[in-house]
Every structure is written in structure tokens, then in C-alpha cells.
Amino acid sequence: MPNIYQEVVRNFRIKDNILIGQELPISREPINVSEVLLKTMKSNPDCIGEVDGVTGKKYTYADMSERSIKCALWLKKQGVKPGDIIGLCSDNTMDAVLIMLGTMYIGAISNTWDDKLSLITARYFLSVISPTIIFANSSVATSLTEAAKELGINMKIVVLDKLNGYEFFDDILKGHDTHEIAEFKCATISKPDDVALIVPTSGTTGMPKATEISHFSLYHCLSPEKITEMEGHICIWAPTLRWHYGVQLAFETILARSTRIVAPDCNDEVYFEYIEKYNVTWLAADPCMLIKSLKMNLLDKYRLLTLKEISVTGSLLRKEIQKAVSHYLPHVLILNGYGSTDSAGDICVQVKGCKLGSIGFVTPNVRIKIVDIKTGKTLGTNKTGELRVKLPCVMNGYYKNLEATKRAFDSDGWLCTGDLGYYDKDGEVFLIDRISEFLAFRSINISPAEIEYVLATHPAVLHVAVIGIPHEIDDQHAMAVVSLVPGKTVTEEELVTLVEQNMPDYCRLRAGAKILDELPRTATGKIAKKKLLEMFAH
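Taking UniProt numbering, the leading residue of the sequence shown gets 1, the next gets one more, and so forth.
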């Protein structure tokens, strides 16, 4: 990692028990972030931007700029205007980021969804956000069509892979005049807080909320120092554009003039195969991928000799895991980091020499304080409390949900992360646990409420709670505990199948389902999930 990035990250200070990252100049000029990326692609037409890991097909920056502009022109011809919402429901494909850019070029808002959308979840999202057009994998097109019909929403669906009865993405790119492509200009945004992106949260007290991310936010989460560090790398990662981190990685790679190996959903070993096949030098991984690589002896099979850096994020990276992987890959720099959808950027990152298991130091223009969760008092060194942060690229708020937006911040404007941690005498930050009820499966944050929502649709289910059963590789496996409507029946196997058929794979009830006569309650009448964990987490 270049010394300039290390110096910037290390150049923080502590004042009044607040960690203050280096303060760098920030412009409040309204900048269309997608225009910055388009200029980079046009200035480097021969750069190989994307390679399909499965087929080896390549896109140069010239290909990427042309296809994204054609998408933008087609959207304009459909009557899409600045501020309109365009959905994107896709796994990692070569065209996904180009659709997002084409949407942003014309001032419209890109709204990304999980590509493993069920009918129930599709119905929920469409009831919250009604996109004008959705670009989607063919696997979810039917669910989207059915949900839109039920809700009476008039919406066009364009599929990324051919499906009878639907417009195909490659076809909408045809017939555009070469002159209008060459003369294309991005829309000017009126103010920096104009929304560029809406991404869903995992949700804590209900179904996922829609997080609004501005052009200003996206632009300023793209650190010039970090982009310099990524220049010339061949990169691969798993997060899709449904996650803010996936968007950030895609944009940083373009600005760094790096090559991305595009990998669709696959198991961890396939990523290692691609690393060796394409001489990958930079990998973004979650801790679960590293744990599996150790448990399944993959690092005995794959030496990954071209790899130079692994950037880790998504859940807690234990120091034992970081140390063990470093032992197998002594030539690789393994760096942990921390951020969130709501923060819309990096909060902490490790640099070379950081302590194993930490999340590193506060990043530039970010402030962190540790707060006692009972008293609200700001705590000092080695005192555990909730991490609260202030940063310029924080989300605008939740789409059409002012109350939830207010609850996300304390009275002084600090974002409440819901995570417990502390910082040591050197200012290095460590995470301990989550305050929230999130389940963590392979570094994916899962809302129990989302699974509970599906289970509650069964006519025999009266009350339901979903808890996380610890698992040595996957972090946690979801378990459902239900009580039934008197006189009605359902088997535990049927509940497991219900979730399997209506939820993404990572939400499956891998720890099974349990049926009780009555669920335990707290003094305030809430379901006592702690008691359920005591009963079943053994």
C-alpha cells in the first residue's frame, strides 16, 4: 500500500474522547458522480475494465462508456426524467454497473434490489418504491411481474438474459445514432444532496428500509488516496450492487483504471480458481470466506501467488483467522475495515502494522465516539460502548420514512451504528458485538423481522421469532420458533420449506424450526429472544 494512504489514515487525533480523522478539503459543488466515471472511461478507452470470470469475455472502457450511454439514451426515449427511480435487480454481471451509470447519467435514481427476490419481497419493495423501469435477471422477472400486477403498478421490466415475453437488455442498446452517442452529455444536478442511489438496509425492527445516498455522498466516499492504492490492480469481489459496498468497489475500480474479474454467485473455491486463472492481485472478501479457506484446506490447494492484498469487511474478523491466513499467504497484506449502508462509506480501515483483529483507524473526515449505551456518556480509552459516527458522506435518510431517519441519529446528529466496540491507547478501534438483533450469515446482515414476515403469512402461525444459532464457519444459522393458532397445524419441515421457497438462500432456516405452546415474553410483553437462545443455542 502506498505510504501516502497510510499517512493519511494514521494522521488522526483524539480530542475530548473523540477520534477525529484527518480533515481533508471537501467541495460542496453539485457534481454528478457518474459523469466523473464517464470521463475516466472516455480518457482511457483501451483499458480493460471488466472480464467475465466464466467466459473470459472482456469490456474495454470504450465498450463500457458506449453501452452505458446507449442505456441512458434508451431511458430518455422512454420518458425517464431526473429524479425518476430505475430499479436494478441483478447479480454480478458485466452490464449491471453500466445500467446504474446510465441511470445516473440522466439524473435518475438507481434503486438496487436483491437478485434472489421472492414474490413476497417483491410485493413489499414495490409497495414502498415504485420504479418506472426495472432491469432484472430473468429468474426474478415473473415474481416482479406478478407483484406489480397485484399492486396495480404499471412498470416495464427489461431482462439481462433472454426470456420470452420480456425486452432484452442487448436489444435496447441497438439503433442508437453514433452522433448522439458521441455528443452525449450527462445531466447537471442542481444540488449536492440530490439522490443518486437507493439501497435497502437489512432492517432491524421491520422489513428493509430504503437508504437514500446522494451524489455528494457517493463522490466523497471515493477516496483519492485509496483509488491511488488500487491503480493497476486486477480485482475480484463478491458483493453485488445491492450493497453500498458493492457500488463503492465498482466505482473505485473504474476510477483506478483497474480490471475487474466479474464473478456471478459461486462458491468460495471458484473465486480462488479465478484468482489463479486471471492473476488477480486484489481481493475483497468477508471473514467467512477466509474461515472456509482454512477449514476446507483451500489454502493448501491454492497458493494465490499473484495476490497482493485482501480487503476484509462484512462482519467480525477474529485475530486468530487473520493470523492463520497470513501464515498461509505471507506475501499478501490482509487488511480489515468497517463501514455501513447508513454511513455510506468507510468508517475505519486497517493499514500495514495494525493489530490483528482490529478494524483499524478512523478514516479521513470521519469522527467516532464511544458512548455508554445506558447513560449516553462519551467514553475514553478501552471502555466499551456503542460506536457513533459523524461523516460528510452519511446517507440523506430513509426514503419516505422520516421517523426512521430521525431514530438513526442522536440529538447531536451522530449516526448510531448499533455496534459495540472500543478504542485502545493507540487510537485503534475494535468491534465487540452488535446491539441489534441482526443475524450474521457469511458476513451478510439478515433481519430476523424479514424472515418473520414470511413465516407470519402462514395461516397456522400465531407468533414467531427468528434467532441466530452460532455456527463455527457461517457465523450464525437462522432458527424459527413459533406458536400456532389454536386448532391449526403446520409441521416444522413445512415452515423450513416456506422460507426456502420465498426467501434468498442466506435466509434459510439452516438451524430448523421449533414449535412451542407459547413463546416466552419479557416484562414489557416482547418475545424474549434471549430466553429462546438459552433454550436452543447449545
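It should be emphasised that the hints constitute simulated quantities derived from the structure, not laboratory data. Positions of the beta carbon are idealized from the N, C-alpha and C atoms, including for glycine. You may find that some hints are simply not true.
Pairs of lysine to aspartate or glutamate residues, derived as DMTMM-like cross-links and limited to a Cα-Cα distance of at most 25 Å, are as follows [stated by the list, open to error]:
#1 K425 with D171
#2 K529 with D474
#3 K77 with E229
#4 K425 with E180
#5 K57 with D171
#6 K400 with D426
Each pair of labels, with its calculated beta carbon distance range [said to hold, decoys possible]:
#7 E146 with D16: 53 to 59 Å
#8 V270 with P470: 25 to 31 Å
#9 G380 with K57: 27 to 33 Å
How the hints compare with the structure:
no.: 1; hint: K425 with D171; result: violated (59 Å)
no.: 2; hint: K529 with D474; result: holds (20 Å)
no.: 3; hint: K77 with E229; result: violated (39 Å)
no.: 4; hint: K425 with E180; result: violated (59 Å)
no.: 5; hint: K57 with D171; result: holds (19 Å)
no.: 6; hint: K400 with D426; result: violated (41 Å)
no.: 7; hint: E146 with D16: 53 to 59 Å; result: holds (55 Å)
no.: 8; hint: V270 with P470: 25 to 31 Å; result: holds (27 Å)
no.: 9; hint: G380 with K57: 27 to 33 Å; result: violated (54 Å)
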